[in-house]
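K.L.:
Based on the provided sequences and hints, a complete structural model is requested.
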Amino acid sequence: MPHKILIADDEPNIVVSLEFLMKQEGFDVRVAPDGDEALAQMADFAPDLVLLDVMLPRRNGFEVCQEIRAHPEWREAKIVMLTAKGRDIEMQKGLALGADAYITKPFSTKELTARVRKLLGERA
Amino acid sequence: MSDRAAIVIAFAVTLAIVAAVAGLTGGFVWAGLRPDERAAAVELLAPRAGLLAFVGLIATGLASLAVQPVIRTYFTGARRLAEEARIMLDANPDYRIARAGAPGLRELGEAVNTLAERLRGQREEVEARIAAAKASVEEERNRLAALMSELIQGVLVCNAEGRILLYNARARQLFDTDSTTEAAPVGLGRSIFGLIDRNLVVHALDAIAQRCAQGDVDPVVQFLTATRGGRWLRIHVAQVRRHAGRDGAEAAEEAGFVLTLDDVTRAVEDDSRRDRALHSLSEGIRAPLANIRAAVESLLEYADMAEAQRARFLGVIAEEARALSSQLDRTMHEHADALKTRLPLESVLGTDLIGAAQRRIESRLGMRAEVETADASVWLEAESFSLTQGLAYLAGRLKREFGVEQVRFRLERAGRHAQLDLAWHGAAVPPATLRSWEEEPMRAGGEDSPVSFKEVIERHAGEVWHNVGDGARAPCFRILLPAMSAEPAQRRVAPVIDSRPEYYDFDLFRQPGQSPDLDSRPLAELAYTVFDTETTGLEPSAGDEIIAIGAVRIVNLRLLRHEAYEQLVDPRRPLAQASIRIHGITPEMLEGQPTIDRVLPAFLKFSEDTVLIAHNAAFDMRFLQLKEAATGVRFTQPVLDTLLLSEVLHPNIREHRLEAIAERLGVNIVGRHTALGDAIVTGEVFLRMVPLLAERGIRTLGEARAAAEKTFYARVKY
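Going line by line, the protein sequences match chains C and R. Take the first sequence: its position 99, counting from 1, is numbered 508 in our numbering, and each next residue is one higher. Take the second sequence: its position 39, counting from 1, is numbered 50 in our numbering, and each next residue is one higher.
Hints were generated in silico from the structure; no laboratory data involved. Be aware that a few hints might be false.
[Claimed, not checked] Negatives, chain C to chain R, calculated, CB over 12 Å:
1. LYS413
2. ALA452
3. PRO466
4. ARG468
5. GLN475
6. LYS487
7. LEU506
8. ALA510
9. GLY530
[What the hints assert, rightly or not] 20 Å max Cα-Cα, derived DMTMM-like pairs, lysine to aspartate or glutamate:
10. C:LYS494 - R:GLU294
11. C:LYS487 - C:ASP509
12. C:LYS432 - R:ASP286
13. C:LYS432 - R:GLU312
14. C:LYS494 - R:ASP286
15. C:LYS432 - C:GLU520
16. C:LYS519 - R:GLU312
17. C:LYS413 - C:ASP509
Yeah, the Cβ is synthetic: ideal placement off N, Cα and C, and Gly gets one too.
P.N.:
Structure, rendered in structure tokens:
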């Protein structure tokens, strides 16, 4: 069974690449365009890993992250936060809220896929 | 013994002596009479004894009536003489006792006057010596005050409780607010915490104490704060120590602190604009860049992807690249000012810069330099020396290599920039010339500079090019420099007010903290607000209103004319013609003035922490109290009335109008019947009264109020 990846981002232009990359890696991919939808998909789709943008409509990435970590049944899900804000302090916040990785845009696609694989316990 | 008792006893003794003499005379005559003569006398007098007694009584009564006015004249005359002598002694050395009353008293008065004349002569001599000694101290102080007034920083010196001991005009200007806001103005003896949040200052002082403990000598701490007027101030705090004891160093105690204020409003605004620009550049660019990078890397990594997928990626790249370009344009446009290079550039008026270049070219190069057109409103951010040098350098090369003898300047605004042209006539200069000139170190009029003109222009974030002339306009070198949008704020420093010494009062260093028990404080130590009002009429209860309030402060027995309060008030009712004649305030003057409900809060703030003084204070206080309900402003401070105090001092002098008192105490009267003018006269009068009151054992506020109260009731009774 392939790992399931949820992409929570509202920008179509990055979703194009992320979705393509993840599919190329052989993952089962779904997309959520806002925070509420991301949480709905958590219950519905039960992803192994979430690529979570910080600047989401309705419910921002930090809130979503906190919400996921508040549910014991989703404890196993990995969270990779993506942000266009380059401040260290926000990275601290993301990690403190329970994110497994915090990646600042722009990023190298290779590094991203390597990070995802590693978090899922696959060989890079 | 009272006057009355003395008079009664003196009269009784006189009568007794007269009676005794009459009795003795009668006794001797009786002893010399023969028995028949005695019988005849008894027979003659006995029936008429009643008449004799009656005549005796009438004579006694008449004698006492005749003597009384004389005695009275002498006794009350002596009292008046004593009061007048006291005035000379304590308040007004120029006062002279009137030539009135009984001849003896008149002589005594003249003798006292002569004595006063001699005393004055001696006093003047002593004062002249003291003045000479003081002059040098005063000069030092004035030098300090002058120095302070020249500073572009604001300076405030406070004692340990935060009361202002010294300030300069700039400090006052930085905290300036209009007279109807509730912010306390800068003033001697006022609390600094009315201007700056107490916590900020306390925090700074704590930090200083901590650094001192760590062995730092004279540490300075700074903080940033916003004033009520919307300015940003950077405030440096340093502690003032008083060295007590002879060996000094160990016994240094904290006597207060000094605040140095810099207006950084513009810098703060610039900083925040620069922050916004950086923010919009960095964060605005990350997302589109991420999209492009991810798409490009996918394209490169998976070269064999489907055509439709490839087209989608290419579409993303094209779209995001366009978005990035316009984002950059927008940021650069919006934040152009903020992103300018930061250099120690000063604000220079464009015409000043041209004037300097003109003088330099004419004196050092022997060329003629003229100004063709110059927009006098253009301000530049420039380092004027190197720019002037650069202009002279260009002119010098034009002369040396092309024989140009005359240059012309043009200055105008071109959008966000200032356009400065250096034009010449005649000589044909190839357009490429400037490019080589601007690369070389500048050399002009025997002065070498290692810097090239290009560097100078770059440092100013400017541009320069050769503008080829046409038939109408001569060729020129055109220089574009960043212009300032408006005249820099710092040029509008308020004119320095003359007679500076009132700005400081070092004696406040020794002032005890503001005690709740004011009554026990000596009069000489208190801060006062002396005020006067002008009104539409004399009956507040009948609807008469205040139309002007004037006030000055007294701190440490000095009248602070610079810290005056003067405000006209719209009474919202017509003025009586008769009242206009008194106060000279016409209805037109009151148009647009604030109403009493806006004025009283500001006046309350002005008079905060002080004792109120007014002449016939009851009248003015009545007006203020009638407004309490409507405005919610209550004046609860203690009040002193110079009218009552005058009666305390001179109960035997009948005249207690302000003019009469002022004249008696040697106070010059200026500007009477303006609220501020009267307040000043009242204040001067009060200052003269303080030593006179002390003569009578009235030294504290409580004693003064009690004495005034007593005369007030005495007045009401009669």
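K.L.:
Give a verdict on every hint.
P.N.:
Cross-check of the supplied hints:
For C:LYS413, the requirement that its beta carbon stay farther than 12 Å from each beta carbon of chain R is met, with the minimum near 21 Å. At roughly 28 Å, the least C-beta separation between C:ALA452 and chain R is larger than 12 Å, which holds for a residue marked as non-interface. Against the 12 Å criterion, C:PRO466 stays outside the reach of chain R, whose nearest CB is about 14 Å from its own CB. The non-interface label for C:ARG468 is consistent with chain R: the shortest C-beta to C-beta separation is roughly 19 Å, beyond 12 Å.
Distance to chain R confirms C:GLN475 as a non-interface residue, since its nearest Cβ pair spans about 22 Å, more than 12 Å. For C:LYS487, the shortest C-beta to C-beta distance to chain R comes to about 20 Å, beyond the 12 Å cut-off, and the non-interface label holds. Non-interface status of C:LEU506 relative to chain R is upheld: no Cβ of that chain comes within 12 Å, the nearest being about 20 Å off. The beta carbon of C:ALA510 is kept farther than 12 Å from every beta carbon of chain R, the shortest such distance being approximately 15 Å.
Separation of C:GLY530 from chain R is adequate, the least Cβ-Cβ distance of about 23 Å exceeding the 12 Å criterion. Pair hint C:LYS494 plus R:GLU294 holds up; C-alpha atoms about 6 Å apart against a cutoff of 20 Å. Annotation: proposed proximity of C:LYS487 to C:ASP509 holds, straight-line Cα distance about 6 Å (limit 20 Å). Of the pairs offered as hints, the one joining C:LYS432 and R:ASP286 is violated, with about 40 Å between alpha carbons and a cut-off of 20 Å exceeded.
The suggested pairing of C:LYS432 with R:GLU312 holds, with an alpha-carbon distance near 14 Å, which does not exceed 20 Å. Among the hinted pairs, C:LYS494 with R:ASP286 is consistent with the structure: their alpha-carbon atoms are about 14 Å apart, no more than 20 Å. The straight-line distance between the Cα atoms of C:LYS432 and C:GLU520 is roughly 16 Å, inside the 20 Å bound, and the hint therefore holds. The suggested pairing of C:LYS519 with R:GLU312 holds, with an alpha-carbon distance near 9 Å, which does not exceed 20 Å.
About 16 Å separates the Cα atoms of C:LYS413 and C:ASP509, which keeps this hinted pair within 20 Å; it holds.
Against the hints set out earlier in the document, a violation occurs for number 12 only.
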